[in-house]
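Given chain B's structure and the hints, the job is docking chain R onto it.
There are 2 protein chains.
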Amino acid sequence: MATSTRSSKRQKTGADTAAETDDSMAYKLIYWPGIPGRGEHIRLAFEATGTPYVDVSNKTDAGVNAVMAQISEKNIGDDNNPPPLAPPILQHGDTLLSQTPNILAYLGPKLGLVPDVAEDSAGMYHVNALALTALDGLSNEPHDVHHPIASGAYYEEQKEEALKKAADYRAVRLPKFLGYFERVLSGPASGGGEWLYGGKMTYADLVLFQTLDGVTYAFPKCVDKLRSRGKYEKVFAHYERVKALDKIQSYLASDRRLKYSMGIYRHYPELDDE
Amino acid sequence: MATSTRSSKRQKTGADTAAETDDSMAYKLIYWPGIPGRGEHIRLAFEATGTPYVDVSNKTDAGVNAVMAQISEKNIGDDNNPPPLAPPILQHGDTLLSQTPNILAYLGPKLGLVPDVAEDSAGMYHVNALALTALDGLSNEPHDVHHPIASGAYYEEQKEEALKKAADYRAVRLPKFLGYFERVLSGPASGGGEWLYGGKMTYADLVLFQTLDGVTYAFPKCVDKLRSRGKYEKVFAHYERVKALDKIQSYLASDRRLKYSMGIYRHYPELDDE
Chain B
1 MATSTRSSKR QKTGADTAAE TDDSMAYKLI YWPGIPGRGE HIRLAFEATG
51 TPYVDVSNKT DAGVNAVMAQ ISEKNIGDDN NPPPLAPPIL QHGDTLLSQT
101 PNILAYLGPK LGLVPDVAED SAGMYHVNAL ALTALDGLSN EPHDVHHPIA
151 SGAYYEEQKE EALKKAADYR AVRLPKFLGY FERVLSGPAS GGGEWLYGGK
201 MTYADLVLFQ TLDGVTYAFP KCVDKLRSRG KYEKVFAHYE RVKALDKIQS
251 YLASDRRLKY SMGIYRHYPE LDDE
Chain R
1 MATSTRSSKR QKTGADTAAE TDDSMAYKLI YWPGIPGRGE HIRLAFEATG
51 TPYVDVSNKT DAGVNAVMAQ ISEKNIGDDN NPPPLAPPIL QHGDTLLSQT
101 PNILAYLGPK LGLVPDVAED SAGMYHVNAL ALTALDGLSN EPHDVHHPIA
151 SGAYYEEQKE EALKKAADYR AVRLPKFLGY FERVLSGPAS GGGEWLYGGK
201 MTYADLVLFQ TLDGVTYAFP KCVDKLRSRG KYEKVFAHYE RVKALDKIQS
251 YLASDRRLKY SMGIYRHYPE LDDE
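Just so you know, the protein sequences line up as chains B and R, in that order. Numbered by our numbering, the letters in the first sequence go through residues 1 to 274 in order. Numbered by our numbering, the letters in the second sequence go through residues 1 to 274 in order.
Check the hints yourself; a few may be wrong.
EDC-like, lysine to aspartate or glutamate: derived pairs with alpha carbons at most 20 Å apart [as the list claims (entries may be wrong)]:
(1) 159(R) - 168(B)
(2) 164(R) - 160(B)
(3) 231(R) - 273(R)
(4) 164(R) - 156(B)
(5) 159(R) - 273(R)
(6) 164(B) - 73(R)
(7) 159(B) - 157(R)
(8) 234(R) - 168(B)
(9) 234(B) - 273(R)
(10) 176(R) - 168(B)
(11) 200(R) - 79(B)
(12) 74(B) - 233(R)
(13) 110(R) - 119(B)
(14) 74(B) - 182(R)
(15) 164(B) - 233(R)
Beyond 10 Å from chain B on every Cβ pair, some chain R residues (computed) [to be verified]:
(16) 35
(17) 58
(18) 105
(19) 112
(20) 224
(21) 243
If you're looking for bench data, these hints aren't it; they were derived computationally from the structure. Glycine included, each C-beta is placed from N, C-alpha and C at the ideal position.
Bound-form chain B, shown alone:
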């Protein structure tokens, strides 16, 4: 049974920066190399806060084997950690965590990407809900658009069904989620409409930015049309606001930002508007 209390004792202080560059407590992201994918949400949390991290599969010799060892059907985990089903996986000291929104929930308080619990005890849960909702509608669903029948089969084998699902996604689902986040940004809990919650940037803002960026890559004509309707002005202004942050700008211009290709977000022109 896990008994480490290390992470609960850690507070973000000046000394922390040094501790994090010490290899044993460095944040290590284990994710498929070469694509942004779900790992991108974790990268953005680090990049937006200037937090050092090791992108294991892209930047060390371990490469894809770092992922394969974790998700092997022979892996039953260790004394502290259940095995993960899939990447992204965060390694932090003796702790290994999987599931994108879970890793973000863990990092949120450590990186200052959720409201301070002493000031707003429910804040981190509101942020978690907003991130989960963006991941549902703007990451999981876009994935299922090109893989509606079997995630383990080729797109070409389910293209006919993908065409149908894409039509529903563009006409119904995507507008629904954009409309939802427009309402969130219009509501008083956003604290003014610049950020999703509490008047400050949280990881939910980064997730909304990244998912909308991916959706725009996958369905550029559809997003263009929706943008021109003028019904989602706050959402698109929010997207530009995140993109214009100094640290995000630098990151997007760096070689650490990987190109979309055959991951969650895929650009098949036949699945987009005409």
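The following block gives chain R in isolation, referenced to the frame of chain B:
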């Protein structure tokens, strides 16, 4: 911006039981009436711990209107709370939270359904990851089996595609997730294999129980076949272990336990094994 610190100050004490029966701080579940659905995970957390709660749509005059008011496209939330996209919604004092795994993360420490953070600072995140994974593979995917193209259209309009997705689910996805939880229960972090994590029941155990129960309702022949393979003995023993808990037994026999019908888990014989 939300500034309430009420919930962080609350500790589970004897006095708490009284506080929770006081209407203002009672736990209120807002979910579609008449079906177990995703709301069932919240009910089970309360039922397994003997925690009083109000099942608003089923047990008060508000009925379905309690849900409709929350998810109205005119709702922009209030000073403390962003609007929810969908139920289940938990109301606790001034706090309104949506997203099933988020509500469970909020309730976990309050109901004693996650490890004590002082003893195991990462424990609650491991529990969250396990719950998210069960919800992904044993709740969201089974839903998508009968609605592979458009969640807003009828099953009959997408039956052809559902037949294909069901075949993949039964042959590939369901065995993958059962195999994963068998490994979790085989691993040292489970603390002996009776529970998923840390040798004690957590809300992840309740989620795995409920999702496997729903999958068994939807695909009885397939689950029978998989069970008879003997490869998932720990998973099925875990299911029986949760089901045999005194409070769960009483709950399942009560009229508070709703019958499956046309929700997430649907029994269409043509989607099951022959």
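- Query: For this structure, which hints from the list above don't hold up?
  - Reply: 6, 8, 9, 10, 15 and 18
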